[in-house]
Amino acid sequence: MKYTWKVAMETLRTVPPIFGSFRTTIKDIEYQGYHIPKGWQVFTAQIVTHLDAKFFDDPRKFDPARFHNQSSIPPYCFVPFGGGPRMCPGNEFARTEKLVAMHYLVRQFMWKLCSKEEIYRKDPTPMPVLGLPIELEAKCPSEYARTKRNKVRSSIGSMAATVAVALLVAILTPLIVYLVRTRTRPPRRNLPPGSLGLPLIGQSLGLLRAMRRNDAERWVQERIERYGPVSKLSLFGAPTVLLAGAAANKLLFLHDALAPKQPRSLAAILGRRNILELTGDDHRRVRGALMQFLKPDMLRRYVGKIDGEVRRHFAGRWAGGGGGVVTVLPLMKTLTFDIIATLLFGLDRGEIREQLAAAFAGMLEGMWSVPVDLPFTPFRNGLRASERARRILEATVREKKANLEQGKSSPSDDLISCLVSLRDGDDDGRQLLTEEEIVDNAMLALVAGHDTSAILLTFIIRHLATDPTTLAAMAQGKFITTD
1 MKYTWKVAME TLRTVPPIFG SFRTTIKDIE YQGYHIPKGW QVFTAQIVTH
51 LDAKFFDDPR KFDPARFHNQ SSIPPYCFVP FGGGPRMCPG NEFARTEKLV
101 AMHYLVRQFM WKLCSKEEIY RKDPTPMPVL GLPIELEAKC PSEYARTKRN
151 KVRSSIGSMA ATVAVALLVA ILTPLIVYLV RTRTRPPRRN LPPGSLGLPL
201 IGQSLGLLRA MRRNDAERWV QERIERYGPV SKLSLFGAPT VLLAGAAANK
251 LLFLHDALAP KQPRSLAAIL GRRNILELTG DDHRRVRGAL MQFLKPDMLR
301 RYVGKIDGEV RRHFAGRWAG GGGGVVTVLP LMKTLTFDII ATLLFGLDRG
351 EIREQLAAAF AGMLEGMWSV PVDLPFTPFR NGLRASERAR RILEATVREK
401 KANLEQGKSS PSDDLISCLV SLRDGDDDGR QLLTEEEIVD NAMLALVAGH
451 DTSAILLTFI IRHLATDPTT LAAMAQGKFI TTD
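The sequence shown begins at 1 in the UniProt record's numbering and counts up one residue at a time.
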């Protein structure tokens with residue numbers, strides 16, 4: 001299935017699920033002649049290098065062949081999974097999940113778009129507003145003889161409106177400015193060009209509006225054209241420096257003065273002991289623990305579980321497995337959530353899984369929002385949803401721990417069981433990760449593995465609907481197996 005993965009990589013290049021990455025300076029640094037003060041955010045938008053003609057010939061063209069020899073791509077120009085010590089530990093899990101899903105899809109179905117003019121936006125990940133409805137036809141209807149063919153239209157997942165929070169913030173700005181502690185003035189050195197804008201708000205609303213119009217790339221490019229590849233602004237409540245280019249990507253992943261601090265809204269909802277927030281020994285310890293379960297040789301043992309979830313999903317949800325009209329994005333979100341719940345959390349279908357799914361939807365609403373903790377704001381709603389999800393995962397951790405102690409389960413059953421079982425060899429067998437670290441990183445795994453995978457699969461399906469040559473090449477691929 002090598003060609004299928006090249007198609008996935010080209011989709012990641014042209015429509016990256018993650019628009020940008022944040023870091024926070026833990027000490028003053030100098031970059032390209034500019035001073036970046038301690039405590040400021042650093043933000044890069046990887047799409048800038050992904051679509052740069054200096055690095056990719058005809059960058060707007062969809063061409064999986066560019067990845068026949070990936071070593072020919074200059075370093076830090078294509079960074080969908082991070083880089084260096086900040087390489088995503090779940091990238092092999094994501095790869096396996098997508099290959100299994102696309103194998104069954106291209107082998108069992110043909111499809112065409114219901115509308116070629118669908119509107120797209122970033123919220124914060126790119127997504128078709130209508131969820132990408134497609135007309136589906138089974139290649140082998142006999143396989144689904146027990147199920148009547150019918151036409152269904154999946155409900156389109158509703159997205160929370162952001163206009164209300166923008167108006168609320170505008171109305172309450174004087175109060176917010178009064179309540180927010182006075183920001184420390186940066187030293188008057190050679191700061192990057194640009195403006196920090198209004199306190200707390202800065203350019204956050206402008207970026208969020210551009211993302212919802214699917215115009216964020218142009219928003220960033222206009223800043224680069226106006227100020228150059230280094231400029232200052234304020235995003236999500238903190239002074240920020242926007243960097244662009246391959247050198248900026250390398251700086252982000254390798255510089256020891258940049259800590260992977262996420263925007264306040266994201267950190268508050270996911271928890272501050274997740275791997276994105278940790279540095280030094282703590283980061284290495286937690287990353288090492290996660291890799292005990294997510295390393296490739298372990299994941300090969302779980303292909304069967306992923307395969308089972310994918311089979312059930314396509315047979316039961318894609319118009320009963322026979323055809324009809326389906327809406328791709330919400331279905332792919334359901335699939336990726338089910339895989340995570342089964343493989344990473346060990347949660348069977350039922351009420352607990354449904355409660356976690358509902359809480360997760362509320363978390364997403366607040367993660368990329370202005371961090372104003374007031375009633376009825378997306379941020380407040382996200383915090384409450386995070387508390388509900390955390391209670392479910394805390395109970396799951398306790399249950400997994402009890403089952404391990406009683407010999408009812410194995411550390412290899414799921415990610416949480418694996419993390420609970422790990423011990424610190426240098427400290428009398430103490431549990432390697434705290435319960436808070438296990439829960440926070442489970443929350444991160446849910447977020448990182450859900451929307452990004454669902455959106456990538458959705459855009460692969462969208463492209464294949466108009467590219468029969470690529471689709472035919474994918475259909476010839478061989479399936480990965482554990483046999």
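Think of the hints as simulated: they come from the structure by calculation, not from any bench.
One or more hints might be untrue.
The list that follows gives simulated cross-link-like pairs (lysine-lysine, DSBU-like), each with its CA atoms no further than 30 Å apart [unchecked claim]:
#1 K250 x K408
#2 K54 x K2
#3 K6 x K250
#4 K27 x K295
#5 K54 x K250
#6 K2 x K295
#7 K305 x K139
#8 K139 x K295
#9 K2 x K305
#10 K38 x K27
#11 K139 x K2
#12 K38 x K2
#13 K116 x K61
#14 K250 x K38
#15 K6 x K305
#16 K139 x K6
#17 K408 x K305
#18 K305 x K401
#19 K61 x K295
Pairwise CB distance ranges (calculated) [claimed, not checked]:
#20 P75 x R107: 33 to 41 Å
#21 G84 x R423: 26 to 34 Å
#22 L254 x L51: 17 to 25 Å
#23 G206 x I352: 37 to 45 Å
#24 E405 x E118: 23 to 31 Å
#25 S72 x R213: 32 to 40 Å
#26 K139 x R423: 28 to 36 Å
#27 G228 x G84: 24 to 32 Å
#28 F55 x G206: 26 to 34 Å
#29 G288 x F55: 29 to 37 Å
#30 P75 x A361: 35 to 43 Å
#31 E117 x Q406: 51 to 59 Å
#32 K112 x G407: 29 to 37 Å
#33 Q406 x R213: 52 to 60 Å
Quick reminder that beta carbons are idealized off the backbone N, C-alpha and C, glycines included.
Taking the hints in turn, this is what the structure says about them:
Simply put, K250 and K408 have alpha-carbon atoms about 46 Å apart, too far for the 30 Å limit, and the pair is violated. For the hint linking K54 to K2, the alpha-carbon distance of about 26 Å falls within 30 Å, and the restraint holds. Of the pairs offered as hints, the one joining K6 and K250 holds, with about 23 Å between alpha carbons and a cut-off of 30 Å not exceeded. At roughly 33 Å between alpha-carbon atoms, K27 and K295 are farther apart than 30 Å, so this suggested pair is violated.
Pair hint K54 plus K250 holds up; C-alpha atoms about 17 Å apart against a cutoff of 30 Å. With a C-alpha separation of about 19 Å, the suggested pairing of K2 with K295 holds against the 30 Å cut-off. Of the pairs offered as hints, the one joining K305 and K139 holds, with about 24 Å between alpha carbons and a cut-off of 30 Å not exceeded. Restraint check for K139 and K295: not satisfied, since their Cα atoms lie roughly 35 Å apart, outside the 30 Å limit.
At most 30 Å may separate the alpha-carbon atoms for a hinted pair to count; K2 and K305 meet this at roughly 21 Å. Between the alpha carbons of K38 and K27 the distance comes to roughly 4 Å, so the proposed pair stays at or under 30 Å and holds. Distance check on the hinted pair: K139 and K2 sit about 23 Å apart at the alpha-carbon level, within 30 Å; holds. Of the supplied pair hints, the one linking K38 and K2 is violated, its CA atoms being roughly 44 Å apart against a limit of 30 Å.
For the given pair, K116 sits about 18 Å from K61 by alpha-carbon distance, which is consistent with the 30 Å threshold. At roughly 19 Å between alpha-carbon atoms, K250 and K38 fall within 30 Å of each other, so this suggested pair holds. Using a Cα cut-off of 30 Å, the hinted pair K6 and K305 holds, with the two alpha carbons roughly 24 Å apart. Restraint check for K139 and K6: the C-alpha separation of about 24 Å stays at or below 30 Å, so the hint holds.
Taking the CA atoms of K408 and K305, the gap is about 19 Å. The hint holds against a cut of 30 Å. Of the pairs offered as hints, the one joining K305 and K401 holds, with about 22 Å between alpha carbons and a cut-off of 30 Å not exceeded. Pair hint K61 plus K295 does not hold up; C-alpha atoms about 33 Å apart against a cutoff of 30 Å. The given range of 33 to 41 Å is respected by P75 and R107, whose C-beta atoms sit roughly 36 Å from each other.
Separated by about 28 Å at the C-beta atoms, G84 and R423 satisfy the suggested range of 26 to 34 Å. Separation of L254 from L51 is about 23 Å and conforms to the stated range, judged on CB atoms against 17 to 25 Å. For the hinted restraint 37 to 45 Å between G206 and I352, the CB-CB distance of approximately 40 Å keeps it satisfied. A hinted range of 23 to 31 Å is violated for the C-beta pair E405 and E118, which are about 52 Å apart.
Our hint of 32 to 40 Å for S72 and R213 holds, since their Cβ atoms are close to 35 Å apart. Checking the proposed 28 to 36 Å range against K139 and R423 shows it is violated: the Cβ atoms sit about 50 Å from each other. For the pair G228 and G84, the supplied restraint of 24 to 32 Å holds, since their beta-carbon distance comes to about 25 Å. Checked against the hint of 26 to 34 Å, the C-beta distance between F55 and G206 comes to roughly 28 Å, which is consistent with it.
Range check, G288 to F55: Cβ separation about 33 Å, and the 29 to 37 Å hint holds. For P75 and A361, the Cβ-Cβ distance of about 38 Å falls inside the hinted range of 35 to 43 Å, so the restraint holds. Between E117 and Q406 the CB atoms are about 58 Å apart, so this pair conforms to the stated range of 51 to 59 Å. Between K112 and G407 the C-beta distance comes to about 53 Å, which lies outside the given range of 29 to 37 Å.
Under the hint 52 to 60 Å, the C-beta atoms of Q406 and R213, about 54 Å apart, fit the expected range.
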